[in-house]
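*Asks:* These are the residues of each chain, in order.
2 protein chains.
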Amino acid sequence: MMKSSVRDLAVFGSKPAFSCELPAGQLNMPEWERVEAAFRGIFDRKYYTNHGPLARELEARLEQLLGVKHAVCMTNETIALMIAAKAMGLKGKVIMPSFSFAGTGQSLIWAGLDPIFCDVDPYSHRMTGEKAATLINEDVSAILGVHMWGNPCNPRDLERLAHERGIQLYFDAAHAFGCTSDNVTIGNFGDMEVFSFHASNVLNSAEGACVCTNNDYLAARLRNIRSSYGAGNKVPIPLTGNGRMSEAQAAMALMSLEDYPGNQKRNKNIFELYTALLGILPGIRFQCPDGKNQSNYQCVVFEINEKEFCLSGGELRKLLNAENFISRRHLASGLHRTSLFRERYPRFREASPVTDQLCRQVIQLPSGQAMNEELIREVCRLITFVHENAKEIKRKMVSL
Amino acid sequence: MMKSSVRDLAVFGSKPAFSCELPAGQLNMPEWERVEAAFRGIFDRKYYTNHGPLARELEARLEQLLGVKHAVCMTNETIALMIAAKAMGLKGKVIMPSFSFAGTGQSLIWAGLDPIFCDVDPYSHRMTGEKAATLINEDVSAILGVHMWGNPCNPRDLERLAHERGIQLYFDAAHAFGCTSDNVTIGNFGDMEVFSFHASNVLNSAEGACVCTNNDYLAARLRNIRSSYGAGNKVPIPLTGNGRMSEAQAAMALMSLEDYPGNQKRNKNIFELYTALLGILPGIRFQCPDGKNQSNYQCVVFEINEKEFCLSGGELRKLLNAENFISRRHLASGLHRTSLFRERYPRFREASPVTDQLCRQVIQLPSGQAMNEELIREVCRLITFVHENAKEIKRKMVSL
Numbered sequence: 069m070m071k072s073s074v075r076d077l078a079v080f081g082s083k084p085a086f087s088c089e090l091p092a093g094q095l096n097m098p099e100w101e102r103v104e105a106a107f108r109g110i111f112d113r114k115y116y117t118n119h120g121p122l123a124r125e126l127e128a129r130l131e132q133l134l135g136v137k138h139a140v141c142m143t144n145e146t147i148a149l150m151i152a153a154k155a156m157g158l159k160g161k162v163i164m165p166s167f168s169f170a171g172t173g174q175s176l177i178w179a180g181l182d183p184i185f186c187d188v189d190p191y192s193h194r195m196t197g198e199k200a201a202t203l204i205n206e207d208v209s210a211i212l213g214v215h216m217w218g219n220p221c222n223p224r225d226l227e228r229l230a231h232e233r234g235i236q237l238y239f240d241a242a243h244a245f246g247c248t249s250d251n252v253t254i255g256n257f258g259d260m261e262v263f264s265f266h267a268s269n270v271l272n273s274a275e276g277a278c279v280c281t282n283n284d285y286l287a288a289r290l291r292n293i294r295s296s297y298g299a300g301n302k303v304p305i306p307l308t309g310n311g312r313m314s315e316a317q318a319a320m321a322l323m324s325l326e327d328y329p330g331n332q333k334r335n336k337n338i339f340e341l342y343t344a345l346l347g348i349l350p351g352i353r354f355q356c357p358d359g360k361n362q363s364n365y366q367c368v369v370f371e372i373n374e375k376e377f378c379l380s381g382g383e384l385r386k387l388l389n390a391e392n393f394i395s396r397r398h399l400a401s402g403l404h405r406t407s408l409f410r411e412r413y414p415r416f417r418e419a420s421p422v423t424d425q426l427c428r429q430v431i432q433l434p435s436g437q438a439m440n441e442e443l444i445r446e447v448c449r450l451i452t453f454v455h456e457n458a459k460e461i462k463r464k465m466v467s468l
Numbered sequence: 069m070m071k072s073s074v075r076d077l078a079v080f081g082s083k084p085a086f087s088c089e090l091p092a093g094q095l096n097m098p099e100w101e102r103v104e105a106a107f108r109g110i111f112d113r114k115y116y117t118n119h120g121p122l123a124r125e126l127e128a129r130l131e132q133l134l135g136v137k138h139a140v141c142m143t144n145e146t147i148a149l150m151i152a153a154k155a156m157g158l159k160g161k162v163i164m165p166s167f168s169f170a171g172t173g174q175s176l177i178w179a180g181l182d183p184i185f186c187d188v189d190p191y192s193h194r195m196t197g198e199k200a201a202t203l204i205n206e207d208v209s210a211i212l213g214v215h216m217w218g219n220p221c222n223p224r225d226l227e228r229l230a231h232e233r234g235i236q237l238y239f240d241a242a243h244a245f246g247c248t249s250d251n252v253t254i255g256n257f258g259d260m261e262v263f264s265f266h267a268s269n270v271l272n273s274a275e276g277a278c279v280c281t282n283n284d285y286l287a288a289r290l291r292n293i294r295s296s297y298g299a300g301n302k303v304p305i306p307l308t309g310n311g312r313m314s315e316a317q318a319a320m321a322l323m324s325l326e327d328y329p330g331n332q333k334r335n336k337n338i339f340e341l342y343t344a345l346l347g348i349l350p351g352i353r354f355q356c357p358d359g360k361n362q363s364n365y366q367c368v369v370f371e372i373n374e375k376e377f378c379l380s381g382g383e384l385r386k387l388l389n390a391e392n393f394i395s396r397r398h399l400a401s402g403l404h405r406t407s408l409f410r411e412r413y414p415r416f417r418e419a420s421p422v423t424d425q426l427c428r429q430v431i432q433l434p435s436g437q438a439m440n441e442e443l444i445r446e447v448c449r450l451i452t453f454v455h456e457n458a459k460e461i462k463r464k465m466v467s468l
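Chains H and W, in that order, give the protein sequences.
The opening residue of the first sequence carries number 69 in my numbering; numbering runs sequentially from there.
The opening residue of the second sequence carries number 69 in my numbering; numbering runs sequentially from there.
No lab work stands behind these hints, which were simulated from the structure alone.
Some hints could be false.
Since copy identity is lost for identical chains, a pair holds within one copy or between any two.
[As the list claims (entries may be wrong)] 25 Å max Cα-Cα, derived DSS-like pairs, lysine-lysine:
| no. | residue 1 | residue 2 |
| --- | --- | --- |
| 1 | Lys302 | Lys386 |
| 2 | Lys302 | Lys159 |
| 3 | Lys302 | Lys137 |
| 4 | Lys336 | Lys114 |
| 5 | Lys360 | Lys462 |
| 6 | Lys83 | Lys161 |
| 7 | Lys114 | Lys333 |
| 8 | Lys71 | Lys83 |
| 9 | Lys336 | Lys161 |
| 10 | Lys199 | Lys161 |
| 11 | Lys71 | Lys459 |
These figures come from a predicted structure and were not determined experimentally.
Take these sequences, add in the hints, and give me the full structure.
*Replies:* Spelled out as structure tokens, the structure:
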């Protein structure tokens, strides 16, 4: 529904612009015929889980595609990060960005580690080596870098730091499947990189994950911990778990891998359409790939400058949510402010002002398989309309 | 292939009796047409994981069937046990039987707890309240009971003990779906009971699990920890994780639940045929349900008495394995002797003589959907032949 006056906005009681929720996640799925054939195969083979033929094929294909020696698939990324920390034998404290995901931080707690939250750079949203360096002390055994929004997080910078200080380095690469940095594919940096194949990411196995490493010993430890010495050479490990990927998950991931080039291209087109239509509005700054590296364009996010746009991030989100557009803050608050970490580590509460600001200002636009050009143009018309009438809307919202 | 002389045994170089491996696990699957319809529904709904409509339906059906207030489904049992321990707020040490599964013990390590291994009763293979009572000290916060072989482990006995000593009690119920004790369905004992829906168990979702409790507060904590406050009322929790069950897993479990009465009946028939044909041999003692309680008959196991049978458990296993019959020791060694626990807790090494003996003597017979009457009769003929020629076989095996 096109809005012609401020009264037409759903936040003031009118009908929402979109009849059903527009998702922010990718939710990429292959055609049913392929799914049917893949599942039929699993049922014929009667091999349902634990490093089955499809899981092995997936690992081989990922290793080839990413140019990495070992791809060790798991059932979800939180468990994969927990097992990665145990495989690396981490102790004490781990430096990670406060502008990150709950599961990334919680994986440390399960592994018996404490996070040290590092604030991020306001322009790139990344933890820099410079900032992380100030937090290293003798209790720190590793840095956990986080690639954000489909772009890498300067892994070379963190590699130099970790090397200089003799500590380990791994990455949460949930957002960076298929991306490169300095012409090296993500998956090859640090001691390990951990991908998520959750349905919201570009590679989708509903739930699923993969730990990549070029280190044979760490790979053997990952495989041993994943399933009670289930696969690979037996090496000393501190414990075992269950991070097994099922054949159903592997089947989905294999099909999603075939579809990756097409999905990446669609994401790029969506990104370019959004930036062309909205990038011209004052007070909107998109997170853009640097042009030198590959991006999967899986997240389209911008920061809003309240002075220039005339509405705050919070006000715009409220407006858009009312229109059935899930303009969620991808990260509602920095990890240092989420209830679990705030109580456990009160000293970090005020230590990430940039993260705090980003959490207020960043808005993620609907993307993924469910979006098409018409819907995107409608989203952009709505945001443009809101901007054009921002002052009147702001006044009216005060009285809500 | 029927064996007419000792030379015909595969262990001495002849062809195996079975052309492909006979599985010990249940591996129950519905017909393809039902699977296809269920998966088609998931793809049409485009809801793939995290407490989706099928996962909610599964929880409601389990609650009704088991007569329990809360059934909280998870992605696998190790994670479910880890989350259960955190939901209960356990600290320090937990008493559990040494005759148990690796994942049961490892879940404690992930939850920051230490096991105290309790030896079991030689007749029932269970940890008794009497034995567990001797191990309780001020560091012990809970008992983790384990139901074995499709039969309950005297849960009332452990409930009395836990209540008297003011400690918590939960159960690994991987083997006891559908079973009862004192006319109460398993799932209702202690503070929580944790089922596994791994393909080897009677209820099959490839990987999957469910934590049952009649305590509202614990259920809310389970749901909050399972997926970053993903479902249910927000209550204080120590951490979050990812134990989400996908819709694919829930679809499989729902179909398996429909098939449970048929699968239980088939298991019972298999059990009765085995005991009728082999129970008459000297030196073989089957683990039998007590006749008062419901059993799912999912495991058919016997102990072998070397003196009476004239071969040891190890010798019989070696013979049967050569025939492509996976006569695995379900538990190759007690947890106190597995490498991870042996190194961490050396004081338990010699403390479970009954478990050590059972690990040598117990043999699990092939069962599940892949077995039929003809195959079972062939298995029994083979074991009978081995017994009849045991002395000659033993002599010949010495020279292998």
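*Asks:* Does each hint fit the structure? Answer for all of them.
*Replies:* Now the hints, each set against the structure:
1. Lys302 / Lys386: Cα proximity of Lys302 and Lys386: across copies only (23 Å, versus 54 Å in one copy).
2. Lys302 / Lys159: Within one copy only: 22 Å inside, 31 Å across.
3. Lys302 / Lys137: For Lys302 and Lys137, only the intra-copy Cα distance (18 Å) is at most 25 Å; the inter-copy one is 43 Å.
4. Lys336 / Lys114: between (39 Å within a copy, 23 Å between copies)
5. Lys360 / Lys462: neither (40 Å within a copy, 72 Å between copies)
6. Lys83 / Lys161: So Lys83 and Lys161 fail the 25 Å test inside a copy (50 Å) and across (58 Å) alike.
7. Lys114 / Lys333: Classified as between: cross-chain Cα gap 22 Å, same-chain 36 Å, threshold 25 Å.
8. Lys71 / Lys83: within (10 Å within a copy, 79 Å between copies)
9. Lys336 / Lys161: neither (38 Å within a copy, 53 Å between copies)
10. Lys199 / Lys161: Cα proximity of Lys199 and Lys161: one copy only (16 Å, versus 40 Å across).
11. Lys71 / Lys459: within (16 Å within a copy, 92 Å between copies)
Violated hints for the displayed structure, listed by number in ascending order: 5, 6, 9.
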